[in-house]
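One-letter residues, chain by chain:
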Amino acid sequence: MSSQPRPTHREVHFDPDDLIVSKTDLKGRITYANRVFCTVCGYSEAELLGQPHSIIRHPDMPRAVFKLLWDTIQNGQEVFAYVKNMARSGDFYWVFAHVTPSYDGQGHIVGYHSNRRVPERRAIEAIAPVYAEVLREEQRHANGKDALAAGYRRLIDFVNAQKMPYDELVFAL
Amino acid sequence: MNSSLLSETVVALGVAAAALVGAGIGLAVSAPVATGAAVAAAGVAVAVAAWRLARITAVCRRVTAVAERIAVGDFEARVLGIREGGELGRLQHAFNDAIDRCDAFVRESAAAMAAIRDNRYHRRILPKGLHGAVRGASETINQAMEVIQRRVAAFNADTAAFESAIGRVVDAVSGAAGHMKSTAGVLGQGATATRDSAKVVETSSEHASTNMETVAAATTELAASAREIGRDVNRSAAIAREAVAKVEHATQTIASLSSATERIDEIVELINAIAAQTNLLALNATIEAARAGEAGKGFAVVAQEVKSLAGQTARATEDISRSIVEVQTTMRAAVEAVTAIGSTMTEVDQITAHVAEAIEAQSQATQEIARNVEQAFAGVREISETIRRVTDHATDSERHAGLTMSASGGLAEQSAALGDSVKEFLTSLKRAPQRDAPAA
Ligand SMILES: Cc1cc2nc3c(=O)[nH]c(=O)nc-3n(C[C@H](O)[C@H](O)[C@H](O)COP(=O)(O)O)c2cc1C
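These protein sequence lines map, in sequence, to chains A and B.
With full-length UniProt numbering applied, the first sequence corresponds to residues 1 to 173, in that order.
With full-length UniProt numbering applied, the second sequence corresponds to residues 1 to 440, in that order.
Worth flagging that the hints you see were computed from the coordinates, not collected in a lab.
Predicted, not measured: the structure shown is a model, and the values here were computed from it.
Cβ atoms here follow ideal geometry from the backbone N, Cα and C, with glycine treated the same way.
Please note that the accuracy of each hint is not assured.
[As the list claims (entries may be wrong)] Incomplete in silico selection of chain A near chain B, CB under 7 angstroms:
| # | residue |
| --- | --- |
| 1 | L19 |
| 2 | V21 |
| 3 | E168 |
[To be verified] Result set (EDC-like, lysine to aspartate or glutamate): computed pairs, CA atoms no more than 16 angstroms apart in a straight line:
| # | chain 1 | residue 1 | chain 2 | residue 2 |
| --- | --- | --- | --- | --- |
| 4 | A | K67 | A | D157 |
| 5 | B | K423 | B | E413 |
| 6 | B | K423 | B | E163 |
| 7 | B | K246 | B | D349 |
| 8 | B | K128 | B | D97 |
| 9 | B | K128 | A | D157 |
| 10 | B | K128 | A | D146 |
| 11 | B | K128 | A | D18 |
| 12 | B | K128 | A | D17 |
| 13 | A | K67 | A | D146 |
| 14 | B | K128 | B | E139 |
| 15 | B | K430 | B | D97 |
[What the hints assert, rightly or not] Calculated Cβ distances over 12 angstroms to all of chain B for the following chain A residues:
| # | residue |
| --- | --- |
| 16 | Q4 |
| 17 | P7 |
| 18 | V12 |
| 19 | D18 |
| 20 | E45 |
| 21 | I55 |
| 22 | R57 |
| 23 | L68 |
| 24 | H98 |
| 25 | A126 |
| 26 | Q139 |
| 27 | R140 |
| 28 | G144 |
| 29 | I156 |
| 30 | N160 |
| 31 | M164 |
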């Protein structure tokens, strides 16, 4: 993997009619990236295949969100999340990610799949401050494990305060 | 690689054709060098075209392999490592795009349906990124889910209403059963108490009955003896009356006897007078006889005899007189006694009449008592009868209370069972079908 790009404050957009599609193996290494993905993030297919999906991770994203994501899909369920990603250029783009497990004929999880759509603006405006707060909570802890636990608690507190399950909340934002 | 394999192949084949035309011209104008060069160029161009065709074939094979996997429903398949540009590159990307969108539709609709299966109704197919028929199908499914959600909500409201209604009914029934049970218990206790009291009453009424019988018998006896006494009294009254009559008769008899004695007295006086004259006459005769001496001597004896007879007569009449006096004295005493008896008898008669009246009154009173006793007895018999019926009813009540009690237990159980089975029914109505292995 090439050296980490430095984040800019420039947001890039993609066509609301398009889907950013990627697939990973069980460990989150990219096994498929569609053309829109390559175009938006600025990496070629060859550069993406085999790389961890965190290649496009933006430093503004709290780890707690990915814990929630992984916990859910490893449990065999679909998960929706608003994710801020970073292109090769350091520019960012928001996606409304739908991540699902892929099964073989015997019902075993063989990998994961993600469709990303252009999110609603007001959902981003609602979730960005929450993520910022969760991130601050995580940054308050030197120990990674503590940071993740504290951030996750903060995230769950937020969800509970909304008095609806997370999978309904993401659509209500 | 941006250049198109197809156009490169077309160019190479064009070059080969042109070179072959050149070679032909070279042969016609007998220019062996030019001909040779043209043939060589054609050969190179054909080789290039063949190489390009081989790569096109490889692309076709890759795409075909993916298409075959998709055809059997393996939506994991994608064309990877697309290096070709131009038509072939577009073909492969478009192929991947088509799979991606179909895959997206499959995942979305599967997720939406799984959500419905799991009783979650908010999950809709996200139409973004889906187009045409797939978008149309998504919208139809979403509409269907909307309808399902509304129906389920209505169904849930209905079942909740039903459940609470049934719950109220069950509560009411089990409450009523509870009440019924306790009421039946009280009723049973009451019936038992009634039966016990009725037993006591029955026993006492039996006693009373026996007593009454004794009293009735005694009264009957009393009445009989009163009647007998009445008869005796009447008889003694009659006897007394007879006695009074007899006393009167005796008084009259004595009176007539008294007058008879008085007449005897007069006769005795007359005899006395006759006797005295006779004596005198005898005396005179004696004297005459004495004067007549011897001749008169016999006469004197007769005169003497007459004189003693007159003396005897006088003495006899004296005796009679004395006897008459005695008789008269006795008769007076007898009259007094008879008079006394008569008044006593009259008194007796009066007393007897009183007694008879009293006895009559007593007899009537006794009869009245007997009637009353008979009535009381009838009353007691009725009480006995009633009490027996009460006992029977109490026994019946007791039995029914027992039955009611067990019935109310059964009712409570039934109503609880009803509640349970309704709850179970509603739960099974609401339950999503059993989750099998999660579908891909
Ligand atoms: C199918 C799939 C798609 C994912 N998409 C993203 C993504 O778009 N952006 C991202 O930052 N992480 C994505 N992740 C999560 C990453 O695997 C990783 O957990 C995350 O970037 C955090 O990185 P870290 O685990 O190294 O902290 C995805 C994971 C899966 C399985």
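Point to revise | Check on V12/A being off the interface with chain B, judged by Cβ distance over 12 angstroms | key: holds (18 angstroms)
Practice item. Measure nothing beyond the straight line between the CA atoms of K128/B and D18/A; if it is 16 angstroms or shorter, mark the hint as holding. Key: holds (8 angstroms)
Check your understanding: Given the proposed pairing of K128/B with D157/A, does the C-alpha separation stay at or below 16 angstroms?
Key -> Outside the cut-off at roughly 30 angstroms; violated.
Practice item. Grab the minimum beta-carbon distance between G144/A and chain B and tell me whether it stays above 12 angstroms. Key: holds (32 angstroms)
Review point. Does the CB of V21/A sit less than 7 angstroms away from some CB of chain B?
Key: holds (5 angstroms)
Review point. Is it correct that the beta-carbon of E45/A has no partner in chain B closer than or equal to 12 angstroms?
Key: violated (7 angstroms)
Point to revise | Check on H98/A being off the interface with chain B, judged by Cβ distance over 12 angstroms | key: It is violated; H98/A is separated from chain B by about 7 angstroms at its closest Cβ, not greater than 12 angstroms.
Review point. For N160/A, which was marked as not at the interface, is the minimum beta-carbon distance to chain B over 12 angstroms?
Key: The assertion about N160/A holds, with a minimum of 18 angstroms to chain B.
Review point. Does the structure keep K423/B and E163/B at a Cα separation of 16 angstroms or less?
Key: Distance of about 7 angstroms is within 16 angstroms: holds.
Point to revise | Given hint E168/A near chain B, where the shortest CB pair must fall under 7 angstroms | key: Where the cut-off is 7 angstroms and the nearest Cβ of chain B is about 5 angstroms from E168/A, the hint holds.
Exercise for review: Please verify that hint: L19/A, Cβ, nearest Cβ of chain B, below 7 angstroms or not.
Suggested key: Hint on L19/A: holds, closest Cβ of chain B at ~4 angstroms, below 7 angstroms.
Point to revise | Outside-interface status for Q139/A - nearest CB in chain B farther than 12 angstroms | key: holds (33 angstroms)
In summary, the structure is inconsistent with hints 9, 10, 15, 19, 20, 24 and 31 from the numbered list given earlier, while agreeing with the others.
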